[in-house]
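Protein chains in written order, with my numbering: chain S, 1 to 163; chain W, 164 to 522.
Among these hints, one or two may not hold up.
As the list claims (entries may be wrong) - Straight-line C-alpha distance at most 27 Å; calculated DSSO-like pairs for lysine-lysine:
1. W:Lys316 x S:Lys93
2. W:Lys471 x S:Lys93
3. S:Lys93 x W:Lys215
4. W:Lys214 x W:Lys316
5. W:Lys214 x S:Lys93
6. W:Lys476 x S:Lys93
Unchecked claim - Listed next, with one range per pair, are the computed distances between beta-carbon atoms:
7. W:Ile446 x S:Met47: 55 to 63 Å
8. S:Thr104 x W:Glu342: 38 to 46 Å
9. W:Ala165 x S:Thr43: 31 to 39 Å
10. S:Val127 x W:Ile365: 40 to 48 Å
11. W:Gly449 x S:Phe38: 50 to 58 Å
12. W:Ser286 x S:Gln72: 25 to 33 Å
13. W:Met351 x S:Pro31: 16 to 24 Å
14. S:Gln72 x W:Val334: 47 to 55 Å
15. W:Gly474 x S:Arg75: 56 to 64 Å
16. S:Gln72 x W:Ile446: 51 to 59 Å
17. W:Phe503 x S:Gln72: 19 to 27 Å
18. S:Phe38 x W:Met304: 24 to 32 Å
19. S:Lys60 x W:Pro199: 16 to 24 Å
Claimed, not checked - One-sided excerpt, in silico: chain W residues whose CB lies under 8 Å from chain S:
20. Pro174
21. Pro180
22. Val204
23. Gly207
24. Tyr289
25. Ser518
In short, the hints are calculated from the structure, not lab data. All figures in this text were calculated on a predicted structure; none of them were measured in a lab. Where is the CB? At the ideal position from N, CA and C, for every residue including glycine.
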Amino acid sequence: MGNVKRSPWLLHYDGSSCNGCDIEVLACLTPVYDAERFGIINTGDPMQADIFLITGGINKANQEVVRQLYNQMPRPKVVVAVGVCACTGGVFKECYNIIGGADTTIPVDIYVPGCAARPQAIIDGIVKAIALWQEKANNPEYVHAMYESQEEKEEKAEKEENK
Amino acid sequence: MAKQSIIPFGPQHPVLPEPIHLDLVLEDEKVVEAIPSIGFVHRGLESLVDKKDFNEMTYVIERTCGICSFMHGMGYCESIEKIMQVEVPDRGRYLRTIWAEMSRVHSHLLWLGLLADAFGFESLFYQCWRMREKVLDLFEMTTGGRCIFSVNKVGGVLKDIDDIMLQTIKVTLEDLAAELRIVSKTFMKDYTVESRLRGVGILTKEQAHNLGAAGPFARASGIKMDMRTTGYAAYGDLDFDIITSDECDSYGRCEVRIHEIFQAIDLIGQCIDKMPKGDIATIVKGNPNGEAFVRMEQPRGEAVYFSKANGSKFLERMRVRTPTFANIPGLLETLKGADFADVPLLILTIDPCISCTER
Numbered sequence: 001m002g003n004v005k006r007s008p009w010l011l012h013y014d015g016s017s018c019n020g021c022d023i024e025v026l027a028c029l030t031p032v033y034d035a036e037r038f039g040i041i042n043t044g045d046p047m048q049a050d051i052f053l054i055t056g057g058i059n060k061a062n063q064e065v066v067r068q069l070y071n072q073m074p075r076p077k078v079v080v081a082v083g084v085c086a087c088t089g090g091v092f093k094e095c096y097n098i099i100g101g102a103d104t105t106i107p108v109d110i111y112v113p114g115c116a117a118r119p120q121a122i123i124d125g126i127v128k129a130i131a132l133w134q135e136k137a138n139n140p141e142y143v144h145a146m147y148e149s150q151e152e153k154e155e156k157a158e159k160e161e162n163k
Numbered sequence: 164m165a166k167q168s169i170i171p172f173g174p175q176h177p178v179l180p181e182p183i184h185l186d187l188v189l190e191d192e193k194v195v196e197a198i199p200s201i202g203f204v205h206r207g208l209e210s211l212v213d214k215k216d217f218n219e220m221t222y223v224i225e226r227t228c229g230i231c232s233f234m235h236g237m238g239y240c241e242s243i244e245k246i247m248q249v250e251v252p253d254r255g256r257y258l259r260t261i262w263a264e265m266s267r268v269h270s271h272l273l274w275l276g277l278l279a280d281a282f283g284f285e286s287l288f289y290q291c292w293r294m295r296e297k298v299l300d301l302f303e304m305t306t307g308g309r310c311i312f313s314v315n316k317v318g319g320v321l322k323d324i325d326d327i328m329l330q331t332i333k334v335t336l337e338d339l340a341a342e343l344r345i346v347s348k349t350f351m352k353d354y355t356v357e358s359r360l361r362g363v364g365i366l367t368k369e370q371a372h373n374l375g376a377a378g379p380f381a382r383a384s385g386i387k388m389d390m391r392t393t394g395y396a397a398y399g400d401l402d403f404d405i406i407t408s409d410e411c412d413s414y415g416r417c418e419v420r421i422h423e424i425f426q427a428i429d430l431i432g433q434c435i436d437k438m439p440k441g442d443i444a445t446i447v448k449g450n451p452n453g454e455a456f457v458r459m460e461q462p463r464g465e466a467v468y469f470s471k472a473n474g475s476k477f478l479e480r481m482r483v484r485t486p487t488f489a490n491i492p493g494l495l496e497t498l499k500g501a502d503f504a505d506v507p508l509l510i511l512t513i514d515p516c517i518s519c520t521e522r
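Please work from the sequences and hints to get the whole structure.
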């Protein structure tokens, strides 16, 4: 897996956002902003995606969907929370159906603020995500952890407990 | 009879920017029935009336949807103005109309792009979105935001547009209309595009009426219904016709929306020519007491705003009925008997806005 240089694939899922960030994410991929020049491509298939862009907060209905999408992605993977709703819950934080930001459900690496997040900020987030993704892919410890079987993980945990 | 099978569609699907889940009952390649389940975007936005006062609610209601955000704020403000019997100054009404019609232009261009994407015409998708950026630039220059504008307030608008900017808007939109005329030829006359649209997803006038369809979806089935004719904001002073089509299929829906973009550009031109001088907002004092009901034509169809106040700072109840909600029964009707490959296209033809619907 080592020595990954570029061309991660990107998956976008709308949590419970108001559409503002979604259309900005899409606008990033169209000619005026053209995030695809950084070698990424938008895909609809989580099993082929490396970067996960999530917009909007988490509610009870989409929590399972988000978790499933995250688990289906192959490692190494990077999660970018786009918009203030995905970061903290935003203006909807006090609503009865909102649990909170994306980090209540999955580990988030990069936070892009804004309501709605501007395309420039989203592109900045994507560029940072690419760097982090390359770092993860070229990190021997992280790569080794990817190939550990369940038994090995349990052994490791036991050893640490004995210490 | 062929064996029936159920295929889940969504909530995460490449063609859908937003999550909606459908269980499609298939017989071979034909859809027999579609069972929707929604709730992935539900936030409980209306409950915030307990926590935010009626002025702050303007900005919350705007965040119902990022595509038609201006009109949501405008509908809410009009309902409060109706309760408090506030007269919005003429210039305020005209500015609202300009921004509302600009929202319509950008929303329909967005839809045309997504439609092109759904039938696999990527370059057409890019062309539509490139043109849409021009409208967004105008929004950024006049309001400061690209999706969420926050220029409405109870009693008028917060920002004024000066004469030079008004002329810039007019010139830019005229250029846009010229470009759109070229692109619309591809939508209307291209053989491959027509073969994907014509005769797909037929909804007759009677069905559309019985199922309570709204907006361009209903107008494409020949129903003459447009809330702008009720004359809210400055629409009473402007001259326009209701655009309808008798095609009753996806082609008709595309046609209606393309003509509506030209109509919106024309309406903005009329507003700029007639733009009155004066204040942009009246000063509002006190708290609302009573209830009001406002109907408004959004890019997707008729939206209804209901506010109930009890004389305190906080409203008692705020309710929005959005056009996509009215169009879902019509969508399920068009899906019956459709090919499986046409399902994404048919879902798009109602111009779904799930975050409006679920709030």
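Tell me, in ascending order, the numbers of any earlier hints that this structure violates. Result: no hint breaks.
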